[in-house]
Amino acid sequence: MNNKKDIGKIFNEKLRALEKSPSDNVWNNISIELQKKRKRRIGFFFFWTKIIGFFIFGALTIWYVYRYQSNNSSFPNRSKENITVNENHPQTAQDQENVFPNDTSAKESNSALENDNIKNLNLNPTNNQNTINNKSTSNPILSEKTTVSKKSKFSKGKSGQYSTTKFKKTTRKKKTKFKTSDENISKKGDAILQRIIASPNLSLLQDGNKTEGKEHIPTTKKDSLVAQKNKDKVKNITMRPEDKKEKDSTKTYRKFDVDVFVSPTYYSYFAKKSTLDRDLDSLTKKTEISWSYGIGLSYQLTDQIAVRIGYTKTNLQYVTKNAPVNTPNYSGISYQSNITNNSIYTQSGNAEKMDISQKIAYTEIPLEVNYNISDNKLRLDGIAGFSYLALSENVVSITTDNGFSQEIGKSKYLSQMSFTVNLGVGLSYELFKNTKIVAEPRFNYQVKSFDNNNYKSYYFGIHTGIRYTFLNK
Amino acid sequence: MNLEQLIKKCAKNDIVAQQELYNRYKDTLFVLSLKYCKNTEEAEDNLQNAFLEIFNNIKKFNHTGSFEGWMKRITINKAIDSYKKACQMIPISNHTFPDTEIDESEMENFSLDYILSLIQELPNQYRLVFSLYELDHFSHAEIAEMLSISVGTSKSNLHRAKMILKEQIKSNKPVAKVNMKYE
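Here the protein sequences line up with chains A and B, keeping their order. Reminder that position 417 of the first sequence reads as 424 in my numbering, one-by-one numbering, no gaps. Reminder that position 85 of the second sequence reads as 100 in my numbering, one-by-one numbering, no gaps.
Here chain A stands alone, though its shape is the one from the complex (with noise of 0.2 Å):
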């Protein structure tokens, strides 16, 4: 019987039957490359990450840097500021406020005057040829409008009394405010006048009397005892507690820290399963203690508290011990092309068992919080806070009972980025001027380090180092 068909049509009809299965290498392949796209994409993503961050701690520096330095300079700063000479302009009483220049020995004069130490002052217009004259008058912020003569003269008002004076001044921590009230002007108060300006307290004042004035001795006792009680005032208020604080607040204390240490780390889990497969739960673990290494930047909030930012690598090590060999691939593996457990099997020539290593490295960048426990020669901080993970290396190989070894593939999974809670101790011990020695056993909860499951992993270690402060005034 003849039965021509095309040769297309017999193909197209014979193969319609076929069944075929690719092999598990397939999938295996597919999965590496999408977690090496996805780590790609997470890559560019937290690179523009680093890059905002890095702006924005720079900023915050600079910001801090300038805020700090413009609060250390205010007044050599103000000095610039509208210093004028005004001699020609003499004002009423009612009208002056001067303040003292603001050179630094007139902060040592400012800082020492109290508003009514110089109250009740008589100047002796004849004697006098000082004047300090303020040309701001309307401006009761006197340190931002300042108007000092050198030649300074306590202008006459216009009732023909002479003016008592404001004196007004700023500190960085405080306004202080010295003025004389509306008062007649007599002979003892110019000599008690030319006392004060006399004194080494007063420099702006001295600096007007060293070109013109006259030091005018009082020629009463009662002159003598006015002028000495009126000393007395000027040199206690040099010492009131204000000054004693605004010393003190010039100590020294620390600003950065800089440390670099290495720590051997300890990985294990809390759930007693086998992240590989459930055919290996049963089987024997291993944590294998793999060096870590970083580097931490402080910064001192307060005396006690300090943040801390840094960059750590961290590597881990998990081994399952003797797993069998001749069985199907383990789910939680992603075989390297053409490897499977049979594969590994006939390579290593029938061996049974097999130990399953996997090595984990994560970029680790902690945000933690130092408080300061007990600070002394050997310091002690308590540490909390938190850590991003980006998983950087993810191998699985495998050590046969016969002695053969191959990198087999990854663990399949190993989230490509996750968190850990951090805790930890702070022990540093001071080896010199500014270098530390530190200690810093932590423990750090990972979250969310699988995509399928949460195995509750965890590792453990002990910072070693050294931590450079940088000191700051």
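To be clear, the hints were calculated from the coordinates, so they are not data collected in a lab. Be a bit skeptical, because a hint or two may be false.
20 Å max Cα-Cα, derived EDC-like pairs, lysine to aspartate or glutamate [what the hints assert, rightly or not]:
#	chain 1	residue 1	chain 2	residue 2
1	B	K27	B	E68
2	B	K41	A	D31
3	B	K41	A	E26
Every beta carbon over 12 Å from chain A, so not counted as near; a handful from chain B, in silico [to be verified]:
#	residue
4	L21
5	N61
6	S126
Every residue gets a Cβ at the ideal spot worked out from N, C-alpha and C, and that includes glycine.
Using the hints provided, position chain B relative to the given structure of chain A.
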């Protein structure tokens, strides 16, 4: 999980959904790859590349046509891309097509694997045209566009493929593994 949900999850790079999708369609697309590739290894490579392309572009699937058809087209395109580079698609001058019919009984005893091997052992350019036209029912115009050849070349390639297969069936011997080129 229905197909639409699965596609949405795959679009979000859910690895579990991706594996589910792979498991659903791996056999169909593997058989398809086998028809276009020279051997099992190359078919697996093609399947792998095809699935990666599918996962990368699944967001672009617009749900208007058949999803399986969309995946098949990607798989075929991957195979074509692999072999197109290696092929020299030179037009054949001979346009007189002798008879390509055979008696069906001549293939009765052939296993499916053997029939598949006959196709796989065809030279690349013949295999592609034969599979596209006879097994997946693309027109010569479509094939010409896909392979960047003329319709005439597509027709002559198909005929050459059939002639080789006919000779092979008659002699009941595998085709020599020669990467033939157009003359």
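Checked hints:
| no. | hint | result |
| --- | --- | --- |
| 1 | B:K27 <-> B:E68 | holds, 15 Å |
| 2 | B:K41 <-> A:D31 | holds, 11 Å |
| 3 | B:K41 <-> A:E26 | holds, 11 Å |
| 4 | L21 | holds, 15 Å |
| 5 | N61 | violated, 10 Å |
| 6 | S126 | violated, 10 Å |
Against the hints set out earlier in the document, violations occur for numbers 5, 6.
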